[in-house]
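Make the full structure from the sequences, and use the hints.
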Amino acid sequence: MDSKKSSVFEKHYHDYVNRLAGIDIAPRLPILDIRMDGNTCVIPFCGEDYRVSREGITDTSGNLPAYDVCVMLCRYLLNCPSHLPVQDDWVSFRDFKDAGPLTVFYRNSVEGLIVRSFAGNITALKTAAEAHGGHPPLLALNYDVVMRFVALPRIPLLLLFNDADDDFPPQCSLLFEQRAEKFLDAESIAIVGSILANRLVKDSDAA
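Going by the working numbering, the sequence shown opens with residue 114, and the numbers climb by one from there.
Please keep in mind that the hints were generated in silico from the structure rather than gathered at the bench. Among the clues, some could well be false.
[As the list claims (entries may be wrong)] Simulated restraints on C-beta separations:
id, residue 1, residue 2, range
1, Arg-132, Pro-198, 33 to 41 Å
2, Arg-167, Thr-240, 35 to 43 Å
3, His-127, Ser-174, 19 to 27 Å
4, Asp-208, Phe-281, 17 to 25 Å
[Unchecked claim] Below, simulated DSS-like cross-link-like pairs (lysine-lysine); rule was C-alpha separation at most 30 Å, straight line:
id, residue 1, residue 2
5, Lys-295, Lys-210
6, Lys-315, Lys-239
7, Lys-239, Lys-124
8, Lys-124, Lys-295
Heads up, the beta-carbon is just placed ideally off N, CA and C, and yes, glycines get one too.
Structure below.
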């Protein structure tokens, strides 16, 4: 990261942390299904606990997470709704409000990344998904791979994958519950999908 980008990151990061210092976290805990450890909020994301406090944000190693993770976690806390939403229908990313400018990115760099990485190897996809907490949901769906993840508390994802056959190319959909937009803006929802997709691919590459 060059010095200009680093300074922009530092400014936005501290702005978010300062905003968090000004809110009452306690009423948000049951709505988000997260917990406090002393004065620190513990948020599980993609299988790793992140710690958020007025002193800053750290990962399990005590290091500052990547910029996109910091932004997403801060928005998750700041945008917490006043009550638990009930809309739990599965929807595509393009169905979210303000998703328009990001739909091409999501199709190519999230769902497309999974297709390019796992076409012809659904066993590797299942293994990577299970390594990141994915499990088959209680849904009767006709796909080669169906996996449900809980990336953030209250924000599950549903991975639907069909490998290529004689009639169709490989296809992937990474869905969210409709109520995800009550917790996160479209950009942050895209970040969640992107991070999960990249971790699935990275885990597969490491294997």
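| List of violated hint numbers, smallest to largest | Going through the list in order, the structure violates hints 1, 7 and respects the others.
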